[in-house]
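Using the sequences and the hints, build the whole thing.
Position in the sequence shown counted from 1, then plus 1, gives you our numbering.
FYI, nobody ran anything at the bench for these hints, they're computed from the structure. Be aware that one or more of the hints could be misleading.
Stated by the list, open to error - With a Cα cut of at most 20 Å, we get these calculated SDA-like pairs of lysine to any residue:
hint	residue 1	residue 2
1	Lys225	Leu207
2	Lys140	Lys196
3	Lys162	Glu128
4	Lys196	Leu211
5	Lys196	Asp213
6	Lys157	Gly135
7	Lys196	Pro178
8	Lys162	Gly135
9	Lys225	Asp208
10	Lys196	Gln216
11	Lys157	Gln172
12	Lys157	Cys124
13	Lys140	Ile191
Stated by the list, open to error - Restraint-style ranges between C-beta atoms, simulated for each label pair:
hint	residue 1	residue 2	range
14	Ala223	Thr168	23 to 29 Å
15	Ala97	Pro209	41 to 47 Å
16	Gly158	Gln216	50 to 56 Å
17	Arg54	Leu222	43 to 49 Å
Since this is a predicted model, take the numbers as computed values, not measurements. Backbone N, C-alpha and C fix where the C-beta goes; we use that ideal spot for every residue, glycine too.
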Amino acid sequence: MITSPQARRFSFLLVLVLCGCRENIGTESPESLDGDNHTSADVHFARGLASYRNGDFENAIESFTETLRLNPNHAAAFNNRGSSWRELGELELAIADYSEAARLMPSNPDILYFRGTTYFDACHYDEAIADFTGAIRLKPDDAVSYNNRATAWFLKGDFEKAISDYTEAIQISPNEPRFHLFRGRTWHQIEDYDKAIEDYDEAIRLDPELVDAHQDRATALAAKEVSGTAVDN
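Have a look at this one:
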């Protein structure tokens, strides 16, 4: 195992958190209302979306809560209130709202993705893996869910599964440099320095300004040299 403090620095602090790359659900719930309540729910939901997009998460929560008072089956309001709670660091409240959204819209992969990312942030890696697996089942070309599941496997110490999932992410999105970086770190963790360096090289080719890839490549080269010296001795 890698023991140097420099090499240890890559304990992953991040799922490639690309939540911002997925728009929160803005469609109406399948369960619509008639008359004034429907109009009022729409108004509060639209206000909530506007507040969320402006970074005003407290007011977003208030608006989504009012939407749900008027329409308790509004899955998008549950989902987006969950995202607002997540932004405020209230992870358990976020998970509860995502769970309600998933109950109402069980075939929506983005809800499982959001909940999985929140489970990951709460260090509930088994639950995160289950949700990313569900998202992948519903959307097989979801490279980010493969990446995020890989990172959860990494943190659980299952490096073989992590490499497999990073490889799937790369096959779907070969031009995403961070996928190569993260797989390289996993090869590095199991001391396969040649494969790690190959992935770092590809990450650098795709994004020459990716500082982490340059730093990790240098660390892998140094570790490879030390390993070779130890074998020679």
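Here's how the hints hold up against the structure:
no., hint, in the structure
1, Lys225 x Leu207, "violated, 23 Å"
2, Lys140 x Lys196, "violated, 29 Å"
3, Lys162 x Glu128, "holds, 16 Å"
4, Lys196 x Leu211, "holds, 18 Å"
5, Lys196 x Asp213, "holds, 17 Å"
6, Lys157 x Gly135, "holds, 19 Å"
7, Lys196 x Pro178, "holds, 15 Å"
8, Lys162 x Gly135, "holds, 16 Å"
9, Lys225 x Asp208, "violated, 24 Å"
10, Lys196 x Gln216, "holds, 16 Å"
11, Lys157 x Gln172, "violated, 23 Å"
12, Lys157 x Cys124, "holds, 10 Å"
13, Lys140 x Ile191, "violated, 30 Å"
14, Ala223 x Thr168: 23 to 29 Å, "holds, 26 Å"
15, Ala97 x Pro209: 41 to 47 Å, "holds, 43 Å"
16, Gly158 x Gln216: 50 to 56 Å, "violated, 23 Å"
17, Arg54 x Leu222: 43 to 49 Å, "holds, 44 Å"
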